[in-house]
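Once you have looked at the hints, place chains B and C on chain A.
Residue-level listing of the chains:
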Amino acid sequence: MEFEGRDITSIEDFTREEIDHILKTAKIMEPIAAKGSDLLHGKILANIFFEPSTRTRLSFEAAMLKLGGNAIGFADAENTSVKKGENLADTIRTVENYADIIALRHPLEGAAKLAAEFAKIPIINAGSGAEEHPTQAFVDLYTIQKEKGKIDGLKIALIGDLRYGRTVHSLAYALSFYNIELTLVSPESLRIRREVLHAIQNKIPVSETQNLEKTLAQTDVLYVTRIQKERFPDQAEYAKVKGIYRIDLKTLANTKKDLTILHPLPRIDEIAPEVDATPQACYFQQVHNGVLVRMALLALVLGSVK
Amino acid sequence: MEFEGRDITSIEDFTREEIDHILKTAKIMEPIAAKGSDLLHGKILANIFFEPSTRTRLSFEAAMLKLGGNAIGFADAENTSVKKGENLADTIRTVENYADIIALRHPLEGAAKLAAEFAKIPIINAGSGAEEHPTQAFVDLYTIQKEKGKIDGLKIALIGDLRYGRTVHSLAYALSFYNIELTLVSPESLRIRREVLHAIQNKIPVSETQNLEKTLAQTDVLYVTRIQKERFPDQAEYAKVKGIYRIDLKTLANTKKDLTILHPLPRIDEIAPEVDATPQACYFQQVHNGVLVRMALLALVLGSVK
Amino acid sequence: MEFEGRDITSIEDFTREEIDHILKTAKIMEPIAAKGSDLLHGKILANIFFEPSTRTRLSFEAAMLKLGGNAIGFADAENTSVKKGENLADTIRTVENYADIIALRHPLEGAAKLAAEFAKIPIINAGSGAEEHPTQAFVDLYTIQKEKGKIDGLKIALIGDLRYGRTVHSLAYALSFYNIELTLVSPESLRIRREVLHAIQNKIPVSETQNLEKTLAQTDVLYVTRIQKERFPDQAEYAKVKGIYRIDLKTLANTKKDLTILHPLPRIDEIAPEVDATPQACYFQQVHNGVLVRMALLALVLGSVK
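In the order they appear, the protein sequences are chains A, B and C. Residues in the first sequence are numbered from 12 upward in steps of one, following the working numbering. Residues in the second sequence are numbered from 12 upward in steps of one, following the working numbering. Residues in the third sequence are numbered from 12 upward in steps of one, following the working numbering.
Hints in this document: simulated from the structure, not taken from any laboratory. All the given hints hold, so there is nothing to weed out.
Treat identical chains as interchangeable: a pair holds within one or across any two.
Below, in silico cross-link-like pairs of lysine to any residue (SDA-like), each with a Cα-Cα straight-line distance of 20 Å or less:
no., residue 1, residue 2
1, Lys95, Lys240
2, Lys95, Phe295
3, Lys261, Asn222
4, Lys46, Val316
5, Lys124, Ala100
Note that the coordinates shown come from a computational prediction; the quantities given were computed from them, not determined experimentally.
With the rest of the complex left out, here is chain A (with noise of 0.2 Å):
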């Protein structure tokens, strides 16, 4: 098992033994990540992010400055040369002169596995278009396994949007590695990709429904998405099934006391703000967890840690 050098562009370029090993050295990451280290002391990663995001570009400065490494980079293309109309080939065959690794975030999907083709470092795709969001995807297994004590065995129910969501693209991937059952819960416009769904029906049960009441009191883990308004190309269809499912504590007297509610954020009103005191709700945890398992992807990757 070989992690220095790789990139990171795909769920599916992954085997289970690496998937636990990466969430092995998530958990290694946590005494580090509250004092600090020097293990990527000189190193830099490059964050070129072409969409807003607040906590994936967030959480991999955290990750290398906690590693002791630093990062650099811009969060929007509007002040860059891409404006002047430079493509993804050179603007990443430009930047990997200032880094040790680059962490994309691109609208379209396959720019990472661009970028990758093109680059001599590593690339972790940050995200790229509805496809894929691949390190989000270990930070949900990983929480799941930290909450849960497992992930084998559990009924985990994603729902809203699973058809533009990248993260549930990847989770869903990431998930038909264990012995689980996945119930994906959603209105009709929004059911999950065609191409998921035969990759991972293969792999573990898989049931699809627009009913969540009826899959609430099954489930062990929940995790929500938001419906996302900028992905939807026609804004009447957005109108359509936006606020059609929300949790709120009605919503979880019907559940298992030990629920797990897990959400990529940010959230808008999927979740009652009443909802975040209660014990099932993980959906900061997370977030925290993030920075741990990027600590973990990127020593990893530039081989301080095997």
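Below, chains B and C without anything else, positioned relative to chain A:
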């Protein structure tokens, strides 16, 4: 007197003894600022700026770096999750996972206090609406003390926009701890808020006037402010008062020789460039002192100095 | 020869001896760039960029980090005090309190010189209007010397936008210190500025032509530039010359085998992607060298190397 872990959201939360301690700590930072240090090695400041700022943001970053720490964050809400509809409480509960302390600038009054309620880590108010800018007030006090050798006993005039200027509110509160005489010079439409006036009138002699000339001869410290176009609800109102007070060499002819002129900057035309070279002009020293005071605040709140 | 504390605003302020010393120092930086160092530990660079840039800003940041220093600043004037009406002199006299050195990019010619007049700390011109980009010229010279083993004796052609391209002006001045033959290839409307031509004609043989083909066979170094849409006052004029020169594999058939192709990047379509894989293409090496040269400049001006 305990600073570790405290929020700095309002001048009103501090006693005179505490303020004096902050000023004393800022003085200790002078040689450290010149040489650098590792006092905050491994610590991360998150600058969360929802409004434009050069000075305050870079001042906090420089302060953190000079103490051996690091800074992350955003300089504008455009490229953040806020654009996706995230509320401030969620942004704070996210960012606190990436940092040890947050400096927050926000266009709404009360934002810093709300943030402090939700955050587990200390919040420093780096400007909230037209209401408060406590770190600037500490900088102003430090500069007065450094230039004059004392604060007690001085005649201080605040001029310009006393209504929308958040630095003015924080400074007026801060000055009311000292034994000074305060004159407030502004056009009628920009008089200081009544609640600020009432709060400080109980503690120090305060007079209000529209006439700058009469005030000048008695004044030891002249605190000039920009009339802030961007805070006027009605731009016609702005046009009426724009440029109403302007300090130039002719103005200085009628003042005390050892007058100290301060300005929180940026300035537009309320102080003529010809004044910059006079010994009275201390506004760029204020900028320099800003780093020292913010170093003191960061070190105190993060517990690396007592 | 003294570099400590100097401004780097124009190529014309340097002697050949000094330029050679900068190139020699850049060479010393090669192993340091690979391993990192603490030469500038505790030092802060402020990147003050009033215009879009990926390359130059990140190149300076990477250079500073590889020397153990830190970088702060802004990548765009939108979220700064400039938006509130602050003038450049005030911005500089503010930012100099946060940093040890400033790299300034500004849309106006003369901006770097103005900044240097007001600043107490060194200013590096990171591009001022269509006028000067001295650090890029040093990068270009370093790349030529590295690729060719020398600069003297070469036949060098600059092609494309020689009128608005600031890198061209700085490079033409820089090359005139060496014993080279210069050919300037451009459409009539984009001929090099007369004052630049006159200045260099006294020192080296210069010919102007619109005909790229005839030039190619004799050329050792082909310096290609982008025709910069954003600098044309008249977009109809841009449309006429857009795409007028394009280097592709067919073009290369008529050149010397050991031709070196340079480009300051970003490129649009003036060099076909098929050229990237040829040994003649050295424009991504230029990017790599950019970090070395900026490391040299920062270390020299901040006095940590002689």
